[in-house]
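Please construct the entire structure, taking both the sequences and the accompanying hints into account.
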Amino acid sequence: DAGVTQSPTHLIKTRGQQVTLRCSPKSGHDTVSWYQQALGQGPQFIFQYYEEEERQRGNFPDRFSGHQFPNYSSELNVNALLLGDSALYLCASSPGGRKQETQYFGPGTRLLVL
Amino acid sequence: AQSVTQLGSHVSVSEGALVLLRCNYSSSVPPYLFWYVQYPNQGLQLLLKYTSAATLVKGINGFEAEFKKSETSFHLTKPSAHMSDAAEYFCAAVNQGGKLIFGQGTELSVKP
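Note that the protein sequences, when read in sequence, are chains A and B. Sequential numbering from 677 applies to the first sequence in the numbering used here. Sequential numbering from 149 applies to the second sequence in the numbering used here.
Just so you know, these hints were derived from the structure itself, not from any lab. Since the structure is predicted, the reported quantities are computational estimates derived from the model, not experimental observations. Incorrect hints may have been included.
[Said to hold, decoys possible] Below, simulated SDA-like cross-link-like pairs (lysine to any residue); rule was C-alpha separation at most 25 Å, straight line:
hint, chain 1, residue 1, chain 2, residue 2
1, B, Lys216, A, Gln776
2, B, Lys206, A, Glu777
3, B, Lys206, A, Pro771
4, A, Lys702, B, Asn209
Written as structure tokens, this is what we have:
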């Protein structure tokens, strides 16, 4: 049983560019959450998708947007990249319904903005 | 607003010694609490979770945590540290909307 997978593993972009990160949830999970982890800090919640809708959002600007597909996979898009967007982006999945189910994390995508 | 505080950004122990990583939460309702571990250049792995079934929770790799409502604490312990335990440890609470709120993390070093 594959766990949560993310692609790509690493990415280098320049300021002003746009980036798309992808996530496939664990089998049987239909809820996907995205987190940003800056160097030396704990992960910060970006948003959560359930039934293809954004269910909850953290304190991130509108430059951060997402999408969930019918197969429950998800994308995170970041527009107009800033140097401060450099971080590890983590995707987590959980079974749907109850919002407080355990979230299982993927290995992350490390984004470097130059 | 719900918050999680981990006391000590870095803890160093000798191999075989007790590991104690501290976590306090603030919540107006009984929380769901988690401990995750992160090895270098990897994602987060669930160690254990508290869901009100029992105050002492056993997790993987010999770790356990005790929920103390009176102290709003959920400290992580392991009786005997192993070199492979060296990693970053995060305490987290989930709010009613499903958002995980993390502490700042504690880096555990294990000396031979």
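Report task. Enumerate the violated hints, using their earlier numbering and listing them in ascending order. Result -> Of the numbered hints given earlier, the structure breaks none, since each of them holds.
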